[in-house]
Amino acid sequence: MSSYQITLFIGTIITILFIVVSVVKTKMNIRYAIIWMLWGIIMLVLSLYPGIIDKLSVVLGIAVPVNTVFLIFIFLLYAISFYLFGKVSDLSNEIKNLTYQVSVLKKNIEDKND
Amino acid sequence: MKILVIIPCYNEEKNIQTLVEKIKKLDYDYLVINDASTDNSPKLLDKYRLNHLDLINNIGLAGVTQIGFKYAVDHGYGGAIVIDGDGQHPPAYIKTLLDKVAEGYDYVVGSRFVDKPKPFTMRMIGSRILSFMIKIKTGRTVTDPTSGMRAMGGEVLKDFADNMNFVAEPDALCHVLKRKFKYTEVQVDMEDRVAGESYFVNPLRSVKFMVNVIISILFFQW
Numbered sequence: 000m001s002s003y004q005i006t007l008f009i010g011t012i013i014t015i016l017f018i019v020v021s022v023v024k025t026k027m028n029i030r031y032a033i034i035w036m037l038w039g040i041i042m043l044v045l046s047l048y049p050g051i052i053d054k055l056s057v058v059l060g061i062a063v064p065v066n067t068v069f070l071i072f073i074f075l076l077y078a079i080s081f082y083l084f085g086k087v088s089d090l091s092n093e094i095k096n097l098t099y100q101v102s103v104l105k106k107n108i109e110d111k112n113d
Numbered sequence: 000m001k002i003l004v005i006i007p008c009y010n011e012e013k014n015i016q017t018l019v020e021k022i023k024k025l026d027y028d029y030l031v032i033n034d035a036s037t038d039n040s041p042k043l044l045d046k047y048r049l050n051h052l053d054l055i056n057n058i059g060l061a062g063v064t065q066i067g068f069k070y071a072v073d074h075g076y077g078g079a080i081v082i083d084g085d086g087q088h089p090p091a092y093i094k095t096l097l098d099k100v101a102e103g104y105d106y107v108v109g110s111r112f113v114d115k116p117k118p119f120t121m122r123m124i125g126s127r128i129l130s131f132m133i134k135i136k137t138g139r140t141v142t143d144p145t146s147g148m149r150a151m152g153g154e155v156l157k158d159f160a161d162n163m164n165f166v167a168e169p170d171a172l173c174h175v176l177k178r179k180f181k182y183t184e185v186q187v188d189m190e191d192r193v194a195g196e197s198y199f200v201n202p203l204r205s206v207k208f209m210v211n212v213i214i215s216i217l218f219f220q221w
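Sequence lines, in order, name chains A and B. At position 63 of the first sequence (counting the first as 1) the number is 62 in numbering that gives the first Met the number 0, and the numbers step up by one without a gap. At position 221 of the second sequence (counting the first as 1) the number is 220 in numbering that gives the first Met the number 0, and the numbers step up by one without a gap.
Just so you know, the hints here were simulated from the structure itself, not pulled from any lab data. For glycine and all other residues, C-beta sits at the position ideal for the given N, C-alpha and C. Treat the hints loosely; a few may be bogus.
A partial selection of chain B residues facing chain A, derived with a Cβ cut-off under 7 Å [what the hints assert, rightly or not]:
id : residue
1  : Ile55
2  : Asn164
3  : Ile214
4  : Ser215
5  : Phe218
6  : Phe219
I would like the entire structure built from these sequences, with the hints used as guidance.
Given below as structure tokens:
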């Protein structure tokens with residue numbers, strides 16, 4: 000095992016434990032934890048079989064395999080932040096909806112009381 | 000013991016008629032929860048004067064059932080049963096499940112495969128995988144992990160209403176087994192969907208469902 004492999008492996012195990020503890024202890028929503036768990040599992044596989052990264056580097060024509068790791072990580076972060084932007088935009092729509100509905104209800108009650 | 004029948008409903012305008020007939024035969028209190036349907040369901044629910052909640056935003060089945068559980072706890076019900084609004088769960092079995100709850104079981108699932116063999120369709124292979132996962136995690140045999148027809152007593156109801164952190168039915172079941180609640184299953188025969196489209200027509204969605212539920216069972220249910 001090379002040292003970057005060992006670092007990756009230990010880092011991944013800690014990450015997975017952290018995710019599990021976060022979900023179980025702080026009751027983080029499982030739906031949002033799943034993507035991180037999946038990513039943890041993929042990292043674990045990559046740290047155990049670094050040959051996958053080497054082959055991928057050859058296929059992609061990247062000279063230094065660690066750059067392939069960076070490439071994949073950056074892409075994932077990109078994808079997740081895009082997904083989060085989508086979620087935030089859904090949420091702000093829903094809040095707008097809720098605000099409208101609540102204020103209509105409030106108005107109805109106040110009109111009744113007058 | 001007061002029992003609430005919770006009926007999630009999303010775009011079921013073609014099934015509402017059968018639903019109404021079903022409900023009329025019920026001796027129990029019920030609550031239809033309309034998950035911001037985009038078809039005529041909300042109007043039909045008003046027209047037939049069914050006891051229902053209209054949600055403002057679409058929150059998905061898991062959220063809808065949790066709202067049902069919260070409503071049941073707030074209104075002093077000592078138990079609840081969930082049946083689908085799409086006509087797949089014959090109301091005749093409501094009593095069978097509730098009898099088990101009265102016997103002292105905390106969580107009762109209506110299973111299609113207690114006495115009957117499980118076919119080898121794609122969907123049932125998925126069901127087998129989930130049964131296997133629950134077996135590894137809890138050591139218990141579950142014949143129909145994805146069944147949406149389940150009844151629960153007061154303790155599970157309160158647990159679900161307060162903190163429900165599940166993706167779907169199979170990991171909820173795993174949670175119940177992990178907490179050592181008394182669990183049993185009874186044989187029910189489900190009808191094929193009368194009308195409307197199932198959530199699982201799309202194969203990508205099925206894969207997503209399987210991955211989510213398996214990760215939840217293996218890593219997040221302790």
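Okay, the hints, checked on the actual structure:
1. Interface hint status for Ile55/B: upheld, as the beta-carbon distance to the closest one in chain A is roughly 5 Å, under 7 Å.
2. Residue-level restraint check for Asn164/B holds (minimum Cβ-Cβ distance to chain A is 5 Å; threshold 7 Å).
3. This hint holds: Ile214/B has a C-beta 5 Å from the nearest C-beta of chain A, less than the 7 Å allowed.
4. Because the closest C-beta pair between Ser215/B and chain A is about 5 Å apart, less than 7 Å, the hint holds.
5. Interface hint at Phe218/B: satisfied, since its Cβ lies 6 Å from the closest Cβ of chain A, which is below the 7 Å cut-off.
6. Evaluation of the Phe219/B hint against chain A yields a held restraint, the C-beta minimum of about 5 Å falling below 7 Å.
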